[in-house]
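**Q** From just these sequences and the hints, can you work out the full model?
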Amino acid sequence: MMDPVPILGLTIRQFIGGKAIRVVFLFSLVPAIFALIYLIDAGTSTPREFIAGIFQELVAPTLLPIVTLILATNALGNEVEDRTMVYLVLKPISRARIVLEKFAAVVLTATLILWESMLLTYLLAMRGDAGNNIEQLLAIFAAQFVGVLGYGALFMAISLIVPRALLAGLIYSLLWESLFGRFIPGIRLVSVRHYVQSIYVRLLDRPAVSLDEAMNLFPALIVIACLVGATLAIATWRLRTMNLE
Amino acid sequence: MTVPAMPSPPMTGEVRPPASVAPPITENATIVVERLSKWYGDVVAVSDVTFGIDPGVTALLGPNGAGKSTTLEMLTGLLAPSAGTIRLLGKPARGDVSLYRDVGLVPEQETLYPFLTCREFVRLNAVLQKLSDPDAATERALDIVEMLPDADRELRGFSKGMRQRTKVAAALVHDPSILLMDEPLNGTDPLQRARLIDLIIRLGKQGKTVVVSSHILHEVERFADRILVINRGKLAAAGDYHAIRDKIDEHARAVRIRCSDPRRLASELIRDNAIVSMRFEPTLDGTLPSLVIETGDVRSFYRIAPAAARALDVHLYEVSALDDSLASVFAYVVGR
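Read top to bottom, the protein sequences are chains Z and G.
For what it's worth, the numbering used here labels the leading residue of the first sequence as 712, then goes sequentially.
For what it's worth, the numbering used here labels the leading residue of the second sequence as 922, then goes sequentially.
To be clear, the hints were calculated from the coordinates, so they are not data collected in a lab.
Hints are supplied without guarantee of correctness; some may be wrong.
[As the list claims (entries may be wrong)] Here are the in silico distance ranges between beta carbons for each label pair: (1) Arg956(G) / Cys937(Z): 40 to 50 angstroms; (2) Asp1073(G) / Arg838(Z): 46 to 56 angstroms; (3) Arg956(G) / Trp948(Z): 19 to 29 angstroms; (4) Leu750(Z) / Tyr961(G): 54 to 64 angstroms.
A virtual CB, placed ideally from N, CA and C, is assigned to each residue, including glycine.
**A** Written as structure tokens, this is what we have:
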């Protein structure tokens, strides 16, 4: 039986068999731990406010980029580093196909982990009343998916260009987006995080959080689409021209 | 295909002196390398190398760091040359992925996907080669390297030799006409080594172009019709192994003789004009010293020495060439 996407399947098996997935999975449980604490003492915030806060303050700025970063750098960069990439590139298949299948594996895995994390958090915070606020969960799912697309493509390209891609990715997401973005408003326009948060806010009538200068939905989607296209093209070009020693 | 830029005399029986190791490029050459260089900053890994490789088995010889692996990586297109051109089957080695339908590589590095079974790994290569029946091709390749009994074991538990055979199966799964093997005998036990050598010889006889990089000199002698010797990034010699060895015969060779009266035999042999030097080598166990003779005409010496011993009634216990192996060829050509 022919396998139409062998590299996607291979990469997912790499993830499942590797240590990174365990780290990522444990990390993804952090919002659920906050939800448990919320269950014990909800304070004055409603479940809707709690979930919005978790997404805007924890998931979008930290969990989403780091989960995607770990998987994206594993997908391509590690194969280049341990030289198993030679088994893929010395085949009559285009470099673009290798990049796209790897990207699809990253998106699929990261999205499922992030959705599972947010679903668990949502169910705990809603205390069994899950159907009451479902549109908020779906908006978060959509924003997470778009975020995984943007970060995944960006970090895959970085992993082929920078030797210490994990460090470079952490610097980007934690220093550039989180720290500098807080003090220099213009930086948010060149940060994936802002577009992810904008998509969440724009998808809901009552997002329960405020976001300064939130982008409209379609411009945000177009920016992310351009980012994905450009960075995947860079990754393909890089894989085509780099020396695999 | 003829390459007119670098005129060269025929390959058979001819050895090029290192100063002008021109490529023996023939019309049959499936691999044509012209003026190939690779440097990293100030460090030159491969310098202005030109050669052609015909179907059959060719060994790429050289000490560690000589530039063998770099050359092989450039042949496969994994590494871009700093200068020069490489064509495999008339196509550039880099930039045309369709070439990989006809090329297989057994890389030196051992890392495989540890979570795959041997069969899954070979099949993955078959699928990526877009073969019409990857399962049948997988079974055929596993059978060739005799890995069928272990095919369903995960690669993480494999010995070095088993990994080598798995890599060979993966490289052969699409039946390529050019097979490039980087140190394929590393880590194999004697039986596996013998089988791999048989396979290499068989593939060469089938008309495939097999290039084997190695530093295990005595083994190369067993399977390679031709050798390319690379040292310090330069082509030190190219041609038929035996022709190179004959060339060595023109130069001083060392021979050790153990006999019942080395001093008497030495006094007789010193009359031979071809003798360059002579010395006695003490033995560790305190028995009679060995006689080590350097001669400029080793073939003549092998006739003279037994005759002299017989005439003097000296018993010969051992006459051994100190460098009569591919190691001597190698040392000679790289030492120049």
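**Q** It remains to establish, for every hint, whether it holds in the given structure.
**A** So, going through the hints one by one against the coordinates:
no. : hint                                       : verdict
1   : Arg956(G) / Cys937(Z): 40 to 50 angstroms  : 43 angstroms, holds
2   : Asp1073(G) / Arg838(Z): 46 to 56 angstroms : 49 angstroms, holds
3   : Arg956(G) / Trp948(Z): 19 to 29 angstroms  : 27 angstroms, holds
4   : Leu750(Z) / Tyr961(G): 54 to 64 angstroms  : 59 angstroms, holds
Hint violations for this structure: none, all hints satisfied.
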